[in-house]
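K.L.:
Okay, here's what each chain looks like letter by letter:
2 protein chains.
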Amino acid sequence: MTAPHRAGGRTARSGRHSAGSLEEFHEWWADRHLQGRFHVEQIPFSELDSWSFEADTGNLAHVSGRFFTIEGLQVRDNGRDIWSQPIINQPEIGILGIIVKEFDGVLHCLMQAKMEPGNINTLQLSPTVQATRSNYTQVHRGMSTRYLEYFIGPGRGQILVDVLQSEQGAWFWRKRNRNMVVLVTDDIPPHDDYRWLSLEQIRELNHSDHLINMDARTVLSCMPFPLPDESQLPTGDPFRDALIRSCQYQQDGVETRHTSGEILSWFTEAKTRCHWTARLTPLAKVSGWTRDDVEIADEHRQHFRIVAVSVEAGTREVQRWTQPLLFPRGEGRAVFIVRIIDGVLHVLVQGRPEYGLMDLVEMAPTVHLLPGTGVSAVEDPFLREVLVSRTATVRYDQVLSEEGGRFYNALTRYQITEVGEEVPLDPPRNYCWMTVRQLMDLLRHGHYLNIEARSLLACLHSLY
Amino acid sequence: MTAPHRAGGRTARSGRHSAGSLEEFHEWWADRHLQGRFHVEQIPFSELDSWSFEADTGNLAHVSGRFFTIEGLQVRDNGRDIWSQPIINQPEIGILGIIVKEFDGVLHCLMQAKMEPGNINTLQLSPTVQATRSNYTQVHRGMSTRYLEYFIGPGRGQILVDVLQSEQGAWFWRKRNRNMVVLVTDDIPPHDDYRWLSLEQIRELNHSDHLINMDARTVLSCMPFPLPDESQLPTGDPFRDALIRSCQYQQDGVETRHTSGEILSWFTEAKTRCHWTARLTPLAKVSGWTRDDVEIADEHRQHFRIVAVSVEAGTREVQRWTQPLLFPRGEGRAVFIVRIIDGVLHVLVQGRPEYGLMDLVEMAPTVHLLPGTGVSAVEDPFLREVLVSRTATVRYDQVLSEEGGRFYNALTRYQITEVGEEVPLDPPRNYCWMTVRQLMDLLRHGHYLNIEARSLLACLHSLY
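Protein sequence lines correspond, in order, to chains A and B.
Read in the numbering used here, the first sequence has 362 at position 362, and its numbers run on one by one without any break.
Read in the numbering used here, the second sequence has 437 at position 437, and its numbers run on one by one without any break.
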């Protein structure tokens, strides 16, 4: 599924400044697969160790009161109940952190080969540190978190990115993690499960299915410094030229469809259109969902299930454990529609309400179909047409995984599709044309881009 | 309580470009008092009309399900209940909007003389529009909201400010309102209760107790355009010089104590230190608080009460109504400590967790004592010393009112106190030195400055 315009020559270019070539990466990667012992098995809830359903609420919780709970979500609009579902409640703020360092003047990221029980392919490329607070404060008495000292405490690196960002609003109750990037000058010898990769190599690797994990994508999306500048123009490719211009500031003469003030006002207005309120409720009170020995599922078998798994691992902090996971039905789809407007690539961003978000609405892919939802669910006819079109140019098309520590085989097909005049400059009110730079500026703050939009932005970064 | 350095000559200067002089304002203001009929009386809960305690939850709610409810707040830390209290839940997003227009090249604001039942002095100066969604969609069948059409719909003015900002995290559950400023060129003849005032006149009026209401202060604080520029330097007053420099951008050569990246990281870290979680709970389940015929109060008579009032008004949307109000005990105190660092005024901002905030922590006054709390409650010795010091220079000192539509006689003494080397450049980790411009840049977004910090910023704007 490599996008056609990426073929040829890039791998060699990418390797030029790196601490190792991509060929060496793939050798290391294959070796990591051989070294790791990993076995995941679905089990009945009764075989969960230290997890149980609370008598009064029916919530599924860990005996320590830590990690996360499976609770109920209740949504009301104008005094009426309009929706309820199970939801993962994980109020702790974890750290997703990447250490970066210059080798021969080129920034490299210290990336981790990490096994997660929900990964379809066991091993994916993760941030240097990917740890919940329960993890790194060692609630489950596992090993300490490697390289954590570069992110917290007095000896940490120079902070380049440090922002709380949300995760799946459809599945998590107001979850967010601390996305961090720190710059170091120390000599850090990578442990066997870690490897230095240049940003260009990572972008190249993001043209593979299920390789760069969700947590790595969100941190990569928040990095403002590796954006290309105008000195790289022209490239000979009008799409890449427009993309590079999209990364420049408005004051540098780039024509943007909207000012940042207009974008903020559009976003504020999208929130004021939400009249629903969402609350946590006891899982036992969630209607339309039933629990048997092995799963909690909706009556129409349309949404996701909550299941339990047992895990045996040779390279993770704890050797054997059991835990609940959220198991979607089928594959999701997230699409950024992009269009060159006055020579500058613009992304059609959706202001999308999600019941689990902390603040009602975040900026989302132009189209986001949750697993189990088809194109017919898209309300706007012009978007349905783009999705089934044979003439639109698909610039990026890979299936990537969502967080394997909470979701079981949660796959999303991420696409970036270039369109022309068939998609209007004045879209319906819940959409807004924005440049890459405008999105990046908002990513300094939380509550703006949702996790799928950030994933797609990381994919867009791999098209430079 | 007029700050001494403001005496003499300013009133005449202020009037120069205005649609009317301050003398005329005061005549109009006195006349508004004479014209308005307003009577507020505390009543037993049983005499509330259309409000009642719900049988199952004990929550105090309106029969329509709209407006707001009085519910319970439950806070847990590490599995233990650590705090509970009644709290106002008002999920609707209202509009606080000011219309601005140029007269002879000077921006003027259309301000409203507005009566609120909780105001200590009945009438205060309010934004052009101050309306909950229930108000402006006419749930209580009152009059329509005057000038609303300039803020919503196709004919509205040019939007200069449009941002959701939080309100009291100690008393509201995740409340915020839409703060808006729109620029018009139309000729708008002010209704009798409205008047055009220049920003300079408003700043002058903010040196009076209980005149500019909370809703006006928050909107005024978010206006970036009336900041002074460097061309006004030097003024002959080192404090004003430092304040004007504090309004300039870092790229214009102003030395700031921290970069914006450092400030954002400091703020992120403050949130990660919060291990508590807060939830709504039925009011009947709140422990330590009791309800009698006329109030809900805590056992130690230390915090606030929930009471009921009956209101009769001649100039508000509805002629007679009853409603609950939150009634604090005594006066609060909010202080910004400021210091000139390298010629630039810096504000010592506190990262303050509040249980009712949507996102754990917002930037707050250096010191904020809720009503009923004394200086001895301040944990940091250097701050206690400043509060009782006779040598620190008090630059602003007025008692202003909090929102009179939800709170009964809620008064806060707002102070801006200049200090020297006795307050360290490296304060404890929950404080950060910031410039006015840095605060203003953050005010383009929600979730940063809390309502008391925004009030103080509006007060700081009146010291130029």
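Where hints are given, some of them may not hold.
[Said to hold, decoys possible] Pairs of lysine-lysine residues, derived as DSBU-like cross-links and limited to a Cα-Cα distance of at most 35 angstroms, are as follows:
hint, chain 1, residue 1, chain 2, residue 2
1, B, K271, A, K271
2, B, K101, A, K101
3, A, K271, B, K285
4, B, K285, B, K271
5, A, K285, B, K285
6, A, K271, A, K285
[Said to hold, decoys possible] Okay, the calculated bits of chain A under chain B, using three or more residues with CB under 8 angstroms as the criterion:
hint, stretch
7, 159-167
8, 402-414
Calculated directly from the structure, the hints in this document are not laboratory data.
We put the CB at the ideal spot given by N, CA and C, even for glycine.
K.L.:
Next step is simple, just say for each hint if it's right about the structure.
P.N.:
These are the hints, each one checked on the structure:
| no. | hint | in the structure |
| --- | --- | --- |
| 1 | B:K271 - A:K271 | 23 angstroms, holds |
| 2 | B:K101 - A:K101 | 52 angstroms, violated |
| 3 | A:K271 - B:K285 | 31 angstroms, holds |
| 4 | B:K285 - B:K271 | 28 angstroms, holds |
| 5 | A:K285 - B:K285 | 19 angstroms, holds |
| 6 | A:K271 - A:K285 | 28 angstroms, holds |
| 7 | 159-167 | holds (count 5) |
| 8 | 402-414 | violated (count 0) |
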